[in-house]
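**Q** Sequence:
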Amino acid sequence: MKNMLFIALLFSISIISSFAQVELDKLPSPEGGIEAIAQKVIYPSEAKDQKVEGKVMVKATISKSGEVISVSVVKGIGFGCDEAACEAVKKTKFTSAEKDGKKIEAEIIIPIKFKLCDTDKK
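For the sequence shown, this note's numbering gives the first residue as 81, with consecutive numbering after it.
If you are wondering where the hints come from, they were derived from the structure by calculation, not from laboratory data.
Hints should not be assumed to be uniformly reliable.
[What the hints assert, rightly or not] Computed cross-link-like contacts, PhoX-like style, restricted to lysine-lysine with a CA-CA straight-line distance of at most 25 Å: (1) K195 x K131; (2) K179 x K120; (3) K106 x K131; (4) K171 x K135; (5) K144 x K171; (6) K193 x K135; (7) K106 x K195; (8) K173 x K131; (9) K195 x K155; (10) K195 x K139; (11) K144 x K173; (12) K171 x K193; (13) K144 x K170; (14) K170 x K183; (15) K195 x K128; (16) K135 x K173; (17) K195 x K120; (18) K144 x K182; (19) K144 x K128; (20) K135 x K170; (21) K182 x K128.
Throw the hints in and build the complete structure from the sequences for me.
**A** Put into structure tokens, the structure is as follows:
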């Protein structure tokens with residue numbers, strides 16, 4: 081919950097299937113909702129000290145079983161935020177994507193917004 085004081089997590093998912101761009105019947109999503117990722121994000125001390133805010137775009141490959149296979153930063157803000165966002169996604173279990181009733185591997189792009197509370201901006 082402490083992390084929630086420091087982090088605003090904007091969570092919208094765009095899908096890119098690993099089998100080319102196909103329309104999916106069910107998108108992968110974090111088990112436990114956005115809170116599952118938000119609770120795992122730790123705002124880096126360096127970023128807080130430098131009053132860094134912004135959005136990190138993380139691309140994750142989600143397996144048929146909902147495990148995170150790989151993560152990479154599509155767009156970062158530095159100061160440890162990129163690594164913190166990737167670590168939070170890696171620690172999250174997802175429901176798998178589905179196409180025609182079958183579970184499939186898919187890539188998702190997750191925007192994670194780092195925003196300091198007003199008390200941390202002083």
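**Q** Any hints this thing doesn't respect? Which numbers, in order?
**A** Hints 2, 3, 7, 8, 19, 21 contradicted; others consistent.
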